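Residue numbers (this note's numbering), protein chains in the order written: chain R, 67 to 304; chain B, 3 to 605.
None of these hints come from the bench; they were simulated from the model. Quick caveat: nothing in here was measured; it's all calculated off a predicted structure. Take these hints with a grain of salt, some might be off.
[What the hints assert, rightly or not] Stretch by stretch, here's where chain R covers chain B in the computed footprint (C-beta under 8 Å, at least three residues):
hint : stretch
1    : 117–126
2    : 395–403
3    : 491–503
[What the hints assert, rightly or not] With a cut-off of at most 25 Å between alpha-carbon atoms, the simulated BS3-like pairs for lysine-lysine come out as follows:
hint : chain 1 : residue 1 : chain 2 : residue 2
4    : B       : K348      : R       : K246
5    : B       : K530      : R       : K238
6    : R       : K238      : B       : K111
7    : B       : K348      : R       : K107
8    : R       : K246      : B       : K111
9    : B       : K348      : R       : K238
[What the hints assert, rightly or not] Here are the computed distance ranges between Cβ atoms for each label pair:
hint : chain 1 : residue 1 : chain 2 : residue 2 : range
10   : B       : Y523      : R       : D287      : 35 to 43 Å
11   : R       : I281      : B       : R590      : 41 to 49 Å
12   : B       : D115      : R       : G248      : 25 to 33 Å
13   : R       : P164      : B       : S15       : 50 to 58 Å
14   : B       : D115      : R       : F192      : 27 to 35 Å
15   : R       : P164      : B       : A526      : 26 to 34 Å
16   : B       : A260      : R       : H187      : 33 to 41 Å
17   : R       : L130      : B       : Y523      : 53 to 61 Å
18   : B       : A23       : R       : H187      : 26 to 34 Å
19   : R       : L130      : B       : P7        : 49 to 57 Å
20   : R       : D252      : B       : K111      : 27 to 35 Å
Glycine is no exception: its CB is placed at the ideal position from the N, C-alpha and C atoms.
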Amino acid sequence: MSPSFTIDGRTVAFTEGQTIIQAALAAGVYIPHLCYHPEFKPHGSCKLCTVRVSGRQSASCTTLVQAGMVVESDSPELNDERRVLTQMLFVEGNHFCPSCEKSGDCKLQATAYDLGMMSAHFDHFFPSRPVDASHPDVLLDFNRCILCSLCVRASRDVDGKNVFALSGRGIKTHLIVNAKSGRLADTDVALQDKAMQVCPVGVMLRKDKGFSVPIGRRVFDLKPISAYVDASDAIAKE
Amino acid sequence: MNAGPSPVAQAVSAAVARYRADPHYILQMLREIQEACDWISPEAVDRLQQALGLPRTKIEGVAGFYAFLYTRPRGRYRVLFSDNITDRMLGNMELLEYMCNQLWIERGKTSEDALVSVDTASCTGMCDQGPALLVNNFAITRLTRQRVDEICELIRNKVALAAWPREYFRVEDQVRRKDVLLGCELAPGEALAAACARGPEGLLEEMKTSTLRGRGGAGFATGLKWEACRSAPGKARYVVCNADEGEPGTFKDRVLLASHADLVFEGMTLCALAIGAKKGLLYLRGEYRYLLDQLNAVLARRRRGTLLGAGILGRPGFDFDIEIHLGAGAYICGEESALIESLEGKRGTPRNRPPFPVTHGYLNQPTVVNNVETFAASCLVAHRGGAWYAGIGTGASAGTKILSVSGDCARPGLYEYPYGVSVSEVLQACGAGDVQAVQISGPSGVCLAAAEFGQRIAFEDIPTAGAFMVFDHSRDMFEVARNFVHFFAHESCGFCTPCRVGTSLLRNLMDKLNNGHGSPYDFAEIEKLNRILQSMSHCGLGHSACNPVLDTIAKFRPAYERRLQHKEFEPSFNLDWALESARQMTGRDDAGAHFGARAGEDA
Chain R
67 MSPSFTIDGR TVAFTEGQTI IQAALAAGVY IPHLCYHPEF KPHGSCKLCT
117 VRVSGRQSAS CTTLVQAGMV VESDSPELND ERRVLTQMLF VEGNHFCPSC
167 EKSGDCKLQA TAYDLGMMSA HFDHFFPSRP VDASHPDVLL DFNRCILCSL
217 CVRASRDVDG KNVFALSGRG IKTHLIVNAK SGRLADTDVA LQDKAMQVCP
267 VGVMLRKDKG FSVPIGRRVF DLKPISAYVD ASDAIAKE
Chain B
3 MNAGPSPVAQ AVSAAVARYR ADPHYILQML REIQEACDWI SPEAVDRLQQ
53 ALGLPRTKIE GVAGFYAFLY TRPRGRYRVL FSDNITDRML GNMELLEYMC
103 NQLWIERGKT SEDALVSVDT ASCTGMCDQG PALLVNNFAI TRLTRQRVDE
153 ICELIRNKVA LAAWPREYFR VEDQVRRKDV LLGCELAPGE ALAAACARGP
203 EGLLEEMKTS TLRGRGGAGF ATGLKWEACR SAPGKARYVV CNADEGEPGT
253 FKDRVLLASH ADLVFEGMTL CALAIGAKKG LLYLRGEYRY LLDQLNAVLA
303 RRRRGTLLGA GILGRPGFDF DIEIHLGAGA YICGEESALI ESLEGKRGTP
353 RNRPPFPVTH GYLNQPTVVN NVETFAASCL VAHRGGAWYA GIGTGASAGT
403 KILSVSGDCA RPGLYEYPYG VSVSEVLQAC GAGDVQAVQI SGPSGVCLAA
453 AEFGQRIAFE DIPTAGAFMV FDHSRDMFEV ARNFVHFFAH ESCGFCTPCR
503 VGTSLLRNLM DKLNNGHGSP YDFAEIEKLN RILQSMSHCG LGHSACNPVL
553 DTIAKFRPAY ERRLQHKEFE PSFNLDWALE SARQMTGRDD AGAHFGARAG
603 EDA
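Just chain R, same shape as in the assembly (with noise of 0.2 Å):
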């Protein structure tokens, strides 16, 4: 018999080495996530996905499961808590959701509206980010990274290619290209890349075709993000 762990009062089995995460996901158990993508090493810095195992609260895909731990995650506090993350990131950067061609495909504001997020809260930043679209295929809005790292991982560790690194520090933290130019245009990427396909916001967006599936029709029009439990695949057909 599989070892197995409880997660919001509901036994699941896990196999070895699994970590909270990929073993509640395996098992049709949503819990939110933005930085975390089942394709890669897990980097634990949105925090969304933090769970409270005894009494402590850590990130879900950087704990490794045991048996017979008890887990609770869809709890009114943690989602509270989420909330707040998600209002966070939506005002250290620039979010104009209805102007967004990523607008129902993107990950941010589909977990934003699952956690009932009816406002931004706090006061924004408004922080000068000069978009980049050098590049004769592919627009960069710095305007929407929330630094999630998933280019970054993507580029290095399926492209080889290193085209993203995160630079500065601390809220001004911000991804950077691999040219001297800082251009786009001057690095190696291109669209069939995987880095151009895993951003879960707004930040990378093919050129030559736009809107091409109508608001009311997208990814999270459909069903809201939980319903997908892991809506990773969902975007990337989109």
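Following the hints, put chain B in place on chain R, whose structure we already have.
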């Protein structure tokens, strides 16, 4: 005429050669390139990238993380005023403004002739002899208006830093009270010889018997840590000394390294003997750059005396050596896993834990990370025995603690006491009268009010990494908390959402209160942020970022209430302030350039 290689090319190839093109030394290479070229230019990154075969993003990611590395020109003279609250109390901001005026520059901007820039830095560890500044990372203490005048003159005349008067750079120890550690007269090698006689297992037993606990603040049992590292499987084991003394108000490690470096290196060597390590690394904060050459000289002397190197004290197989890495302005690197990342030449972001360094540390191998003071104290244990050491202090806190005392007192400096000393005893010794508050263990520690001065310095009462900042009744405790909150926002590494955004939100809230726009609503907001930072943050920086505010609200509420002009809620946005940048651009400050009450007054 033969032009030869450019200065940048020379600096890069020298740095690459010195560190054998090992990418783990990127931070050290960048630091040396900047010392030679004043900044890290795109050309320098190009050349480094070619020499190391690394992606450009890797180098720029590291360079962008550390406050003392510049990827834009910052001038030949880069002046950074230490901006701890103790420097503020000694008038650092007036001197900074004065210097900017004298040099005709704006704070934070480089002069148009690319000669000089003036800005602030987090506490540089000179609190007992401030106000202090760093010029090209070298510390100048006891600033006065006259000294600022002289410095401006030297800068205008482009006098090389090496030719500046030596007395500017004099840093005093100011040891006010010695006990077993600061008063110890062990000759180099004496503790090591005693340990060799006992053997590694014997030494470990003495360490455990001593119940010595880590002096960096967390207080983990040192003997147990060494034993766990010794028994952890790995290809190699490492000894790391955490000399990234960044907690504002702490400067004891500076004195230990300046005047007792043998004890520190010997403690590291003891640890190497106990765990079977061949290599040790001392991570020295960039603010203590001035100590680097003399520390390297001590290492060289110890090698000559067979206290380091192959066959230490003639013991076959006892091979161990130490190298010094310099930080570059990042408080977070005092967190042990961030420190290890930095030692590996990466951005100083704390790792996901577990696993802990004791099993997966430097280069993913078993590693002991201890504080400077812990290593020094281990020499006493090795020499006099664990039982003797355990007899000093209190039951749960063996030994002595060095306190870095600064702020409003007659005799700032170092005070070494056995654990169990009360706060009021220390206050009396340092000549502090009319004391309103004491901040113990820095911004991440605890703020005590007068009623609590009977409490004791000990792990079981008030644990501390060493900072002891005194505030008399003339001080505004709100300003103290605001200074600490700005510190945390500046030093957050930016890795996790709650700390990256939360520390900035907290800073903005405190500035809002400071600007007279606070209301009781903001207290509730601060408490809400504290909950999120406590429960969601990745490391201790986020967990403790709200401490100074919560402590001072609880204990010095009038300092906050003075600033509350509104009973319910007041937005932080203000039409008149929003015009400030327009006023600055147009050079106007007349009534017509203002909204609201101010316009009424002027009219």
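Here's how the hints hold up against the structure:
Under a criterion of three residues with beta carbons nearer than 8 Å to beta carbons of chain R, the stated coverage of the stretch 117–126 of chain B fails, only 0 such residues being counted. For the stretch 395–403 of chain B, the stated coverage by chain R is violated: 0 residues have a C-beta nearer than 8 Å to a C-beta of that chain, whereas at least 3 were required. Residues of the stretch 491–503 of chain B lying with their CB closer than 8 Å to a CB of chain R number 12, which satisfies the three-residue condition for coverage. For the hint pairing B:K348 with R:K246, the CA-to-CA distance comes to about 20 Å; that is within 25 Å, so the pair holds.
With a CA separation close to 23 Å, the supplied pair B:K530 and R:K238 stays within the 25 Å bound. Taking the CA atoms of R:K238 and B:K111, the gap is near 17 Å; set against the 25 Å cutoff, the hint holds. For the hint pairing B:K348 with R:K107, the CA-to-CA distance comes to about 18 Å; that is within 25 Å, so the pair holds. Proximity of R:K246 to B:K111 is assessed by CA-CA distance (about 23 Å); at most 25 Å being required, the pair is judged to hold.
Only pairs whose Cα atoms come within 25 Å are accepted, and B:K348 paired with R:K238 is accepted, the gap being roughly 17 Å. Between B:Y523 and R:D287, the C-beta spacing of about 36 Å keeps the proposed range 35 to 43 Å intact. Checking the proposed 41 to 49 Å range against R:I281 and B:R590 shows it holds: the Cβ atoms sit about 46 Å from each other. For the pair B:D115 and R:G248, the beta carbons lie near 26 Å from each other, so the given range of 25 to 33 Å is met.
A C-beta distance of roughly 54 Å is found between R:P164 and B:S15, which places it inside the suggested range of 50 to 58 Å. One distance hint, 27 to 35 Å for the beta-carbon pair B:D115 and R:F192, holds here, with the actual separation near 33 Å. Taking the beta carbon of each, R:P164 and B:A526 are about 31 Å apart, inside 26 to 34 Å as hinted. A hinted range of 33 to 41 Å is violated for the C-beta pair B:A260 and R:H187, which are about 49 Å apart.
Hint check: R:L130 to B:Y523, Cβ distance near 41 Å, so the stated range 53 to 61 Å is violated. Evaluation of the 26 to 34 Å hint for B:A23 and R:H187 yields a failure: the beta carbon distance comes to about 50 Å. Checked against the given bound of 49 to 57 Å, the beta carbons of R:L130 and B:P7, roughly 52 Å apart, stay inside it. Range check, R:D252 to B:K111: Cβ separation about 29 Å, and the 27 to 35 Å hint holds.
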